[in-house]
Amino acid sequence: MDLIQLQRQLVDYRTSLYHEGFLDEQFTQLQSLQDENNPDFVVEVVSLFFEDSERLLNELSKALEQQIIDFKRMDAQVHQLKGSSSSIGAHRVQKLCIVFRNYCEVHNVEGCLKCLQQVKHEYGIIKTKLESMFQLEQQILNAGGSIPV
Amino acid sequence: MQALLVLIPPSIMITWWHKTTRQIEQNVDFNTHSLDSGFQSQIHIIADSIPPLNSSAASLANLLTSSFNQTDEISFDEIETKVAPTLFLAFTTIPYLSQISYVGLEGLVFSYHIDGNQTLSTYANSSFSSRKKHVWYKQPVDNQTGKLYGEPVRSHSFNVVNTSWFQVALNHSSGYSSLENGWNNGGEPLFLTSVSLLGKGVIAMGVPVKRLTDRLGGINLYGGSLSLITMDEKLLLNGIPNTKFIYVNGTIFLQFMWPNGVKNFPCSNDTSETYMMVIDGKEYNVRCSTVKISGVQSVYALALPHEGIASFVYSKINFSHIALVVTMVLLVIPLVFFISSMTTNAQREIYLHDKLIKQMEATQQAERKSMNKSLALVGASHDIRAALAGITGYIDLCLANAAPGSDFETYLKQMSLCAQDLLGLLNSILDTSKIEAGMMNLEEQEFNLADLIEHVVDLYHPVGMIKGVDVVLDPCDGSIIKLSQVKGDRGKLKQILSNILSNAVKFTVEGHVCVRAWVGKHDFETEILASTRKGVGKYVSRLFSDKNEGNGNVKAESAVRQNRDLVEIVFEVNDTGKGIPKEKQKSVFENYVQVKETAAGQVGTGLGLGIVQSLVHLMGGEIGIVDKEFGEKGTCFRFTVFLTACETQGAAMYGGTNSSFAIRNSSPKLGIRTPSPKLDGSQVVLFMQNIERRRVSQKFLESLGISVLVVDQCHQFPSAMKKIQPKLNSLHHSSRRSDMSCRSDISSSSSKDMPLSAMEGAEHKLPFNRRKDAPSFNLLVIDVNAESFSELWRIVAEFRRGLHSTCCKVIWLDKPTSPCIDPKRLDPDDEILLQPFHGSRLHRVIKLLPEFGNLSQGISSSSESSKHPYSKTRLRNTQRNDEIQEYISSSDEQYSKQGSSSPTLVYTRGRLKSKRKNEDSAESSNGEMPLIGKRILIAEDNKMLSILAITTATQLGADVEHCENGNEALERVCNGLKAQRNYDYVLMDCEMLPMNGYEATRRIRIEEERYGVRIPIIALTAHRSGTEALEAGMDAHLNKPLVANELMKVIESLQTKK
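Note that the protein sequences, when read in sequence, are chains A and B. For the first sequence, full-length UniProt numbering gives the first residue as 1, with consecutive numbering after it. For the second sequence, full-length UniProt numbering gives the first residue as 1, with consecutive numbering after it.
Okay, chain A solo, but in the shape it has when bound (with noise of 0.2 angstroms):
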């Protein structure tokens, strides 16, 4: 009965994610390449993009504070940064980083910095989303269950 439930939840949370916007179907992509041989896929990739963006994230905070910013590197980062994002399909994070790109190709700092900072905070919602998830789909596994698809 418990494992019924915690699968519906995971069901409803993960369709919740869906339409909010949070995820789009390439996340159901990459679940799909998830199979018994590669039982920790998406868990592997989605860490992958997790350390990929922090660094990321950090390279671009960094460089905003420059006296001089490198617009031309900072466009190339983001640019990274909207290509993994779109790859797990963190559609929010990809979306701002298209916004993002616009305002570094114009120079405009003020612009810059008030997408990174909705970057960063969409990047820790959905960060925080995925990892709350995961931890359902590992209760599941723990309870001898399997992950709804």
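All clues given are correct.
Here chain B is said to cover these stretches of chain A; the calculated rule only asks that three of the stretch's residues, wherever they fall, bring their Cβ under 8 angstroms from a Cβ of chain B:
1. 19-30
2. 35-41
3. 45-52
4. 83-97
Since the hints were derived computationally from the structure, they do not count as laboratory data. Built from N, CA and C at the ideal position, the CB exists for glycine as well.
Chain A is already provided as a structure; the job is to place chain B on it using the hints.
Okay, now just chain B, sitting in the frame of chain A:
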């Protein structure tokens, strides 16, 4: 206003005219007046021209007085000698004188006077007192000398002495003038001037009155008249009618006699008074005046016509006035008429203008409204679609949770179906509005036309099967197969075809639906060009076999280098349904129209054909209904579209790398491997239930030069088989068909002596058919739906037993819906093929024939035969549950089917993979591992993305290697080239350090050129457009992140390109 302006010049003219006429009138008046006075002065002049003779008379008297004594009596002698010459002298010198005389107191008279033309002298030579009788004589006078000559004649004597004028003259020494009668014969009146001579006699000189009256009468009075009278009442001239002069108390009156009385005008006093009188209805001005003529006081009256000339002028002027006014009026009337008509016209025009403008505004408004409506519809439809997508999404979610097999699940599935229907409906409305709004664009892409058509037909085949309607694909002349790759809007073409086909299936209750497609005539040459290019290598051998034809082709090839782009494809969908009434045929293409009689019980918006028509037009084609022969049932839609033909790469498409199959080449024999002597024409026996399919299959096979035997009824089947059997065994091919007892439609068009019917003009007869050898290969295609399987099996088995040397293969056609074949009883070499038997399935069967590439003659080993494409066909056997899947890596066909075969037939190059839980045939084809055996290099520097890509590719079955930048990628590719182990695909990230993907690609392209290979490189970009990638020499591009479906799509398209 204009009218008034127009009237101004004529009014000015009239005024001027009026003034001029007034002046003329005045002039005329003045002239008349001066004429009056002119007459008067003329009268006076004439009167004056009779001079008063007083002075000359007086001087004559003085002259004579000097010659006489005062006292003495004057004797006649004296008169004769003294007076007479003087008188004569005076008579001849003084002008106008007609009489001159001397009269003495005593009665002596001597005178000269003119009587007619003669000058006479009248004299009395005796006085009253003498003894002689007082007698007057008349004697002619010599005009020159004044001497009397001739005989004196007694003349009438006048008592002159007693006359009053004589008495008065005696006392006048200065002369006295009076009017007296003359002494000549007529006694004409004379103005007589007399003067006394010494108181003893009187000398008198007379001027004739006639002279005056003649001259007065000579005056032209312009209709007037003149009367003249002396003061002593002697009338000289009476010209005025109805008048007379009367003398009252010393005054002379002119008495005018009116018809009703008498009127008197005083005339004597010299007044310039003018009187008016009417004579003969004419008005006259009468003027009286006095005049002295030769010393005689007289009065004259001059009557002149009142306004004689002036009135004439006046009347003429009036007349011209009237004429002028009339002209003016006549001018003005048309002018007014003209102007008024102009005004009406102008008004009408303005009115029409006004109307037109209003109308145009209304039209524009309506257009805007309609436009807005369309846009609103698009918007609304879009929103509705979004909502619908949400609904379907949730239904799917629910489905995932629903217990399998429960009612709940069934309902959900129903809901899902309804939602899909709704979505379809909405899409059609959206399409319509899109087309209306002109926003529909063609999305050009390359695709295989033959595959598309077959795919669509296959889609509707099951639908038709359920209703008992066979959906047949007619390859016609095979031109579509040869065309293979075309460029155009795949989706829309599919939509068109699906729509028409679904209609055809929907409205057909029995019979068949036949889909035909061929390349339009005018692009015929294009194909030759494309085909000849392909098979140049093998072409040479053909040139030897038939030189003339070959030359013709070469000519054609050179002639058609241009215009090889657009190809017209003609489609025909022919059904045997209810048909569409003639009068409705036009309206079916209008939106929202359904033909009621036939649409009964059918659902739909009626939008379908409208959209189809719009789409066909969008693709540059035409759609219409082809008239059927009388008595034929159903409807035949025909439409054309224009597509761009690509370079056909069809040769390698079919049948992998080892076995080349010729169907995709221009002519079948190009693909025939050099026939060994014993390889001869194969015999194909078709046994099918559906007439149309049988006909189509037969036609197509025969067009390829295969001899076909058709059996249409089961009871003929055994006999036909028996007939064919001995012929085959006895190796006498020639008689195999002609004496067959089957019905006439059991036919094979390939007779021994005649060339086979060719697929198209460029085809030739097949060389092997000329040989008189027996067919070495037999293929039986049997539709098990026609008869019970066991019966058929029995016949076939019997047939087989009769065969010795030749091999025989049986293709069993089965319904996918209700399989009725018992696979256990089949020969291991037999195959089961699912309906529909057309398109690629037909081609596979053809490829079984030895002359079309099947090397394994006869009963080949299972492993060998499975190399050939037919092993891909869906084979059934009892071990279906094993769920063993076979992947054939060489397969490039999207419809490569899951095959579960008997263990003997199974051949796997890749690894076997146990089936996943959720088994569904459509899904499985996507979820499987089509990339087995492929080596893929992934160059990606982002760790996360590379993991993603690697996993994706690995799951598709590929052998994946990974590197992190362009340098590494280049190195690996080079190594692969050296070791002859090429990568099948390279997935290249574009932005890498130190060497990026573009640079790496360029270098790889240079490297591989030395080895003469081209490795497909697929770009991975985060950018939307991949133009940069394509420019760098990459073959395709994919958007990050990598998705399995898209990767497969790209790989498929790359393979088809190859």
